[in-house]
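Visitor: In case you want the letters, here they are:
Number of protein chains: 2
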Amino acid sequence: MPALNFSEASGDKRALEEGKAFTPRFDANGLVTAVVTDAKDDFLLMVAHMNAEALALTLETGIAHYWSRSRNALWKKGETSGNLQQVVELRTDCDQDAVWLRVNVTGHDATCHTGRRSCFYRTVGLKEDMATLNSDGSQPLFDADDIYRKET
Amino acid sequence: MPALNFSEASGDKRALEEGKAFTPRFDANGLVTAVVTDAKDDFLLMVAHMNAEALALTLETGIAHYWSRSRNALWKKGETSGNLQQVVELRTDCDQDAVWLRVNVTGHDATCHTGRRSCFYRTVGLKEDMATLNSDGSQPLFDADDIYRKET
Chain W
1 MPALNFSEAS
11 GDKRALEEGK
21 AFTPRFDANG
31 LVTAVVTDAK
41 DDFLLMVAHM
51 NAEALALTLE
61 TGIAHYWSRS
71 RNALWKKGET
81 SGNLQQVVEL
91 RTDCDQDAVW
101 LRVNVTGHDA
111 TCHTGRRSCF
121 YRTVGLKEDM
131 ATLNSDGSQP
141 LFDADDIYRK
151 ET
Chain C
1001 MPALNFSEAS
1011 GDKRALEEGK
1021 AFTPRFDANG
1031 LVTAVVTDAK
1041 DDFLLMVAHM
1051 NAEALALTLE
1061 TGIAHYWSRS
1071 RNALWKKGET
1081 SGNLQQVVEL
1091 RTDCDQDAVW
1101 LRVNVTGHDA
1111 TCHTGRRSCF
1121 YRTVGLKEDM
1131 ATLNSDGSQP
1141 LFDADDIYRK
1151 ET
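Chains as they are written, first to last, in this note's numbering: chain W, 1 to 152; chain C, 1001 to 1152.
Among the hints, a few may not be true.
Once the Cα atoms are required to be at most 20 angstroms apart in a straight line, the calculated EDC-like pairs of lysine to aspartate or glutamate come out as [what the hints assert, rightly or not]:
hint : chain 1 : residue 1 : chain 2 : residue 2
1    : W       : 76        : W       : 109
2    : C       : 1127      : W       : 8
3    : C       : 1127      : W       : 89
4    : W       : 13        : W       : 128
5    : W       : 40        : W       : 8
6    : W       : 127       : C       : 1053
7    : C       : 1020      : C       : 1079
8    : C       : 1040      : W       : 42
9    : C       : 1020      : W       : 8
10   : W       : 40        : C       : 1038
11   : C       : 1127      : W       : 53
12   : W       : 40        : C       : 1053
13   : C       : 1020      : C       : 1060
14   : C       : 1076      : C       : 1038
Hints are computed from structural coordinates only; laboratory data are not their basis. Keep in mind it's a predicted model, so treat the numbers as computed, not measured.
Whenever a hint applies, use it, and build me the whole structure from the sequences.
Guide: Below you can see the structure in the form of structure tokens.
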């Protein structure tokens, strides 16, 4: 368990926006949104969620931890694939309900479970009143089937 | 009302991850997470939420629309302040429950309601086992008190 505890979020808007205390505003499920970009160029890698424990562990260890909503478990990102995220900088927003992690990715330099660098590998466009997806051409940097098969 | 409708999200993981149809996976509240970066340098400007109507209007008009959870209303960002967001590119992630907007901001080139360029103007650090905030020095680009007073 991490040693770090967060104080309860202030109800005072000015304290949240201009104060010096980090008092994250966890939602009804105890989570804040985490935006993760590559420290090299700020390319968006993924969006995830953190509970208090994941956020504290991230601050204490410098390695990104999340809360997996699908597995309902603490998630040290990259533990299986080797693609850990070393946190270069952590920021929060005006009302302290989201954090921004600028990270260096170890291993294959891949963040997406499909093996790609980023989870955001497709652009959205309109074609004859339909919303369609186009790949940006990014290819898997590791064999996801192989890596994740080892887990079970 | 927008003309665009989104098809129901596929239950098939492979279709979501590798298919050509954009079928956003709205959560229990009918929302997807929207990450907004500056098209110039991908600096993170804000995190917000979109319902189907906001997402469709954004795709149809090229101007970012969100769903304000605090006001429970459709929100054309910048309508009051003049800081509209022109969408240069819209992406989605592997499981289609988040979107990434790369935007050009008009007006004061400010996104945060405090008047600053970005909502993420503070870094988080540890100091004697406390999580503290440090400003990155960014200053308001417009007088928020003045701009938003006009609204009422």
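Visitor: Holds or violated: are the alpha carbons of residue 127(W) and residue 1053(C) at most 20 angstroms from each other?
Guide: Holds, at about 18 angstroms.
Visitor: Would you check the hint for residue 76(W) and residue 109(W), treating anything up to 20 angstroms between C-alpha atoms as holding?
Guide: holds, 16 angstroms
Visitor: Are residue 1076(C) and residue 1038(C) close enough, with their CA atoms no more than 20 angstroms apart?
Guide: holds, 17 angstroms
Visitor: If you draw a straight line from the CA of residue 1127(C) to the CA of residue 89(W), is it 20 angstroms or shorter?
Guide: holds, 15 angstroms
Visitor: Starting from residue 13(W), check that the Cα of residue 128(W) is at most 20 angstroms away, please.
Guide: violated, 45 angstroms
Visitor: Taking only the CA atoms, is the gap from residue 40(W) to residue 8(W) under or equal to 20 angstroms?
Guide: Answer violated: residue 40(W) to residue 8(W) is near 34 angstroms, above 20 angstroms.
Visitor: Run the distance test for residue 1020(C) versus residue 1060(C): straight-line Cα separation, threshold 20 angstroms.
Guide: Given that 20 angstroms is the threshold and the Cα spacing comes to 19 angstroms, the pair holds.
Visitor: Is the Cα-Cα distance between residue 1127(C) and residue 8(W) 20 angstroms or less?
Guide: Distance of about 18 angstroms is within 20 angstroms: holds.
Visitor: Within 20 angstroms, alpha carbon to alpha carbon, are residue 1020(C) and residue 8(W)?
Guide: violated, 44 angstroms
Visitor: Could you grab the alpha-carbon distance between residue 1020(C) and residue 1079(C) and see if it respects the 20 angstroms cut-off?
Guide: Violated: residue 1020(C) and residue 1079(C) sit about 33 angstroms apart, past 20 angstroms.
Visitor: Could you grab the alpha-carbon distance between residue 1040(C) and residue 42(W) and see if it respects the 20 angstroms cut-off?
Guide: holds, 11 angstroms
Visitor: Are the Cα positions of residue 1127(C) and residue 53(W) separated by 20 angstroms at most?
Guide: holds, 18 angstroms
Comparing the model with each earlier hint shows violations of hints 4, 5, 7, 9, 12; every other hint is respected.
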